[in-house]
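**Student:** Residues per chain, in single letters:
Protein chains: 2
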Amino acid sequence: MPKNKMIFYILAITVSLISFVVAFVFFKWINKQPSENAEILRVGKLIKNGARTFLKREYAVLVKFALVVTLLILVFLPTPIWKQTSFTDILKENIFMSVAYVLGNVLSALAGVIGIEVATIANTKCAEAAKQGIRPAFKVGFRGGSVMGMAVVGLGLLGVTVVYLLTKNSTILLGFSFGASSLALFAKVGGGIFTKTADISADLAGKVELDIPEDDPRNPAVIADNVGDNVGDVAGMGADLFDSNVAAFAATITIASVLSLKLDVDLIPIIFCYASLGLLASIIGVIASRIGKNGNPTHALNSTTYLTTGLFVIFTVLVTFLINVEGKWRILLATVIGLGVGTIIGITTDYFTNDTKKPVQNVAKASELGPAFTVLSGTSYGFLSAFPAMAGIAVTSLLAYTVAYPIDNTITSGMFGISMAAVGMLSIVAMIVSNDAYGPIVDNARGLAEMGGLDEEVIKVTDELDSAGNTVKAITKGFAISAAGLTVISLLGAFLEEVNKIVNTLNTDLGYIKYEALTGFDLLDPVVFFGILVGATIPAVFSSLLIRGVDRNAQKMLKEIHRQFTEIEGLKEAKPGVHPEYDKCITIATTGALNELMIAGAVTIVVTLLVGFIGGVKAIGGFLLGNIVVGLFLALYMSNAGGLWDNSKKYVESGHNGGKGSEAHKAAVIGDTIGDPFKDTAGPSINTQITVVSLIASIMALLFLTLSIF
Amino acid sequence: MPKNKMIFYILAITVSLISFVVAFVFFKWINKQPSENAEILRVGKLIKNGARTFLKREYAVLVKFALVVTLLILVFLPTPIWKQTSFTDILKENIFMSVAYVLGNVLSALAGVIGIEVATIANTKCAEAAKQGIRPAFKVGFRGGSVMGMAVVGLGLLGVTVVYLLTKNSTILLGFSFGASSLALFAKVGGGIFTKTADISADLAGKVELDIPEDDPRNPAVIADNVGDNVGDVAGMGADLFDSNVAAFAATITIASVLSLKLDVDLIPIIFCYASLGLLASIIGVIASRIGKNGNPTHALNSTTYLTTGLFVIFTVLVTFLINVEGKWRILLATVIGLGVGTIIGITTDYFTNDTKKPVQNVAKASELGPAFTVLSGTSYGFLSAFPAMAGIAVTSLLAYTVAYPIDNTITSGMFGISMAAVGMLSIVAMIVSNDAYGPIVDNARGLAEMGGLDEEVIKVTDELDSAGNTVKAITKGFAISAAGLTVISLLGAFLEEVNKIVNTLNTDLGYIKYEALTGFDLLDPVVFFGILVGATIPAVFSSLLIRGVDRNAQKMLKEIHRQFTEIEGLKEAKPGVHPEYDKCITIATTGALNELMIAGAVTIVVTLLVGFIGGVKAIGGFLLGNIVVGLFLALYMSNAGGLWDNSKKYVESGHNGGKGSEAHKAAVIGDTIGDPFKDTAGPSINTQITVVSLIASIMALLFLTLSIF
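Listed in order, the protein sequences are those of chains A and B. Take the first sequence: its letter number 252 is residue 252 in the working numbering, and every next letter is one higher. Take the second sequence: its letter number 496 is residue 496 in the working numbering, and every next letter is one higher.
Rather than coming from a laboratory, the hints here were simulated on the basis of the structure. Where hints are given, some of them may not hold.
Claimed, not checked - Okay, the calculated beta carbon distance ranges per label pair:
no.: 1; chain 1: B; residue 1: Lys168; chain 2: A; residue 2: Asp509; range: 13 to 21 Å
no.: 2; chain 1: B; residue 1: Thr356; chain 2: A; residue 2: Phe710; range: 35 to 43 Å
no.: 3; chain 1: A; residue 1: Thr356; chain 2: B; residue 2: Glu569; range: 53 to 61 Å
no.: 4; chain 1: A; residue 1: Glu569; chain 2: B; residue 2: Val208; range: 35 to 43 Å
no.: 5; chain 1: A; residue 1: Ile212; chain 2: B; residue 2: Thr356; range: 20 to 28 Å
no.: 6; chain 1: A; residue 1: Thr356; chain 2: B; residue 2: Trp82; range: 51 to 59 Å
no.: 7; chain 1: B; residue 1: Ala602; chain 2: A; residue 2: Gly310; range: 46 to 54 Å
no.: 8; chain 1: B; residue 1: Ile513; chain 2: A; residue 2: Thr356; range: 25 to 33 Å
no.: 9; chain 1: A; residue 1: Thr356; chain 2: B; residue 2: Ile568; range: 56 to 64 Å
no.: 10; chain 1: A; residue 1: Leu610; chain 2: B; residue 2: Trp82; range: 37 to 45 Å
no.: 11; chain 1: B; residue 1: Val208; chain 2: A; residue 2: Lys575; range: 53 to 61 Å
no.: 12; chain 1: A; residue 1: Pro213; chain 2: B; residue 2: Val208; range: 24 to 32 Å
no.: 13; chain 1: A; residue 1: Asp264; chain 2: B; residue 2: Ile513; range: 31 to 39 Å
What the hints assert, rightly or not - Facing chain A, according to a computed beta carbon distance under 7 Å, are these residues of chain B, among others:
no.: 14; residue: Phe315
no.: 15; residue: Ala386
no.: 16; residue: Ser397
no.: 17; residue: Phe530
no.: 18; residue: Leu533
no.: 19; residue: Gln555
no.: 20; residue: Phe613
no.: 21; residue: Val630
no.: 22; residue: Gly659
no.: 23; residue: Ile670
Yeah, the Cβ is synthetic: ideal placement off N, Cα and C, and Gly gets one too.
Produce the complete structure using the sequences and hints provided.
**Tutor:** As structure tokens, this is what we get:
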């Protein structure tokens, strides 16, 4: 380590600030793009207002929730206030932690708001730009996504750096991370339910029942559908990756702080160094990104990702030469292993959802015989698709642990290796978010082009951009789930270290050994095993509630659409001046989503507390493992099966197996509808659910240790 | 323990023999029942021949497989033949184990054959008896099922007693159990694929496309469908429960033998004692069973189960007074906890599949809006339904472990408690099998009554019997999965004891400590964790292959049905003398099932070997846990969702939500079709898959310990 390790913290702050500058410049640039079409502007405004209304109502609910939690933290965490010996302790622990929690919430929400604001401008500008051709339209869409990418990762890195520099306390950092995650949980769930409620209803009413195009302005759910893309895919996803990123930091720093003490070397600056280099590489990648001469947007997105990955490896290798810490190459190797395997998992996952490969084509073929076969063959591929990613995570963990283990020859250095692999996978997350947020922007642009009555040629351009978004999404999703998987494994390690820190303090205070230090979690210990089995059910129960939420709300909205087509005269016939009541659909989606998200969140948290107070820290260790194992499986299965069905439908629509209007098409649309809440509500929310539970475990460690029944 | 502990072994043998006598008497009684209708006899014969042909072809494949495995065992297991020091060791270990393996196969196959032979007689007799009313018909159906129940449990108990008495070696017993399980795996998978291939094709072609009744003789797949009920539900399920039962014995005896040595008291006779009392209680229950004055068959089946449970508790309490072993009440308590929780889980599971409860009715209602909602709401309930059973197993394990732990204050006594809970749950398995095998018999009878042209009144009687079978099936399935869950947990404990036995022997032979004894499996150990993640994917991959098998074969068969209706003149119009080519459909189902079952079985076994030789015994410990956790979840989800969809369809057919022919009905039929391979192929096969993997782990322990990379 260079003597002045502050240089790495300064690097982190500088790079975050650069990312904000880039985001600001892009934002200004997008705003300057021309927009003339009055209809596009009108509809764009409806979408923007719908998204803002939803966010406002959602945040109003979440503020109340966050206030209650802040108060609870203040009184109980990390140590109940009446057990603190001095006001300094209360200040440095309880007050700092509650402030950190609030800050986590605020930054996470801010990332979402920024994303929404940009996306709801970029969508109209992108539709207009499509008139000039694919290259300018791509640029608008991608830069829109990049603003989100820069904001999410910049805010995360800056937040973590500031909180850590001010407190030097990893437990407080876990509190900050918990704030980010609990907001992400609700944003993801609420947005996910909203978007799929609207999407399913719009699709079924439009394509299946009335046989009108996807974004026909007569469809009462069409605005809600476009709002959903923003609140679900942009704001929700942004909060989600903000949370994974911060959680990976928090876990790694927690483990590193223990290891640093043991080795008497401060390892934490390395974490900030690598993370800053990752963001730097992403910034360069984003700025350099442009569509090639072949005009292929998928190619442009992918090559930007590869460029970023390459830059990151070069940067870190160079910097590692300059660092003076024993075992540094082991740390770097663990980091690079994470990034490498992440890429491989992304590519493997792509196999199951890419329409040039067998799975999508076979499911399209099976659809010829009816929807039962669409669902069965998709389920079969979905189950299978979990294998490469989970085996990949298994191998990564084993390798990263083995590589890092010799640093200290303890479980701490091994787990540090795994957590650095997570940091490695997440190093290019700014790039991933940019690619991901690009999707809903161009999807919206497509809808706007159609509703604005632009030419067929223009719509085709937006179609092509949209299709590239879908292809890339499959890869980035595999990447995001794997990174979250490694993160939660690291959080399990962090939990162990937190417990042992507390055990040490308690025993020292008592003057004798009352609490035993944890050396691990034996899965044959009945309390651990109890935790594992109960933990294994949580992602399933959580998913069940989310799917039920979409299911119930979509049924309501579908009835509302039927009502409007029956009662509003001239709507079906597209009589000029007759508009559907878009806001009724938006209200149904909003109210429904807010009702359901509280239940799903509450169940998860309550069961965690129950298991903790019944079985104590050992049961919680098992509980986290059960969560991770079944959660990873379900997240992969649902995301991949959903993507597969979506692309099979598109494959049929592009003229295969009978094409649009055929029996196969009807079956494929049903498959897609089933896949919608799988891939965009339940699947991607599970990550966040596991992270929240893991963080609760860590920050409640003292209470679970001292107050449990078993 | 009474001084002469042989009394308990004699008890076991006597009770098994009594069960054979009861089975034989019932069989004779069934054979004596009248049968006059020529058409029923003709079709009954077609079914019997179809079932026999399938079994013959299946066993022909399995004999080859078993021969190869026998040879491998002879050479390698439990110790490679060239490492044995004397011929006596080879005889007592390798030769005995291969013989035990063969015996396990043979008895398991025999149980299946007996079941099929009885079921394919009882079906025709039951159809005829229905002319006299529900009470005689119920008696024929239930006694038919009981023959199977008695045979399965009697053969299992007798086999285990004889193998143990002759060898006194629990490792050999694990080999016997492996024989039973590997045959069960193939029987379950092969039968499951066969039955659902035929069922789906018959349903889709009949109900959806041609709008003819369920068992219309014009349908070319109708005989294959009825054959499938026998080879899947009777033979497959019989082999499955034979395997669970034997595996629970083997695991318990393995653990008990270690514990007995430590305590210097022989605990094994108690296991035989309780198991014998369970079979005795079941025999009395079966004989006493009759339909009450209210004529309700569901009530009759359930009250028989409760009677058996009550008798078992009374018997064991009384006998335990006579036993003279310290800690005997703890052992009894663990056993009774298992039985009690099993019953509670059964009842809870029933909630999700009973048509008088909300889930089934809500799914029927959701179907009004189309199949996407049928699938989504069913999936949501299915995910949720795993919670009570898994939490129940978690609580049972924790309680049984805690209750038994003080016997020796080690993990061994704790795990002994869990394994006794499994024995307790399985104590009334003869009753469960009787109830379960009753289902396909009356289902067949219903089909025969229709094809034999019996009166509407008679068909209604068989309908009522069939519906009772379906209701009870949900409860017994929950029971069977929970029992299998506890059994595989016990097998994990048995694996640990096997490894430690080997570690002891190896170290003693070497004269120094080369291998460390296992004290458990730490889930933060990277090798264990690697095993957990890979193990977690196996039930999913396995299910994926099974669903794919059904999916592919049903598509083939559906095409064959279309061909017959196009090419065979007069078939559609039911011209007298024109019959479809039933055997073509039977051949498709048979060939397809045999092809798919080898792949699914092979993948499971190969991955287990890979993980064992890469990560050694620790990785295998994790691998088993991953298997158990995801396996339990998937088994519960798929069985319950499938049952739910099946009953929703029946609920709609009984006139709700638009009734037969409505949009809701079409959607519900699609849901049922999707649920078919879930509940009757993949779901119930997972138990057996996990058991096979667990047993391979135990019998390969020496090789995994000494030859692994990590």
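**Student:** Can you list which hints this structure breaks, lowest number first?
**Tutor:** 1, 3, 5, 7, 8, 9, 10, 11, 14, 20 and 22
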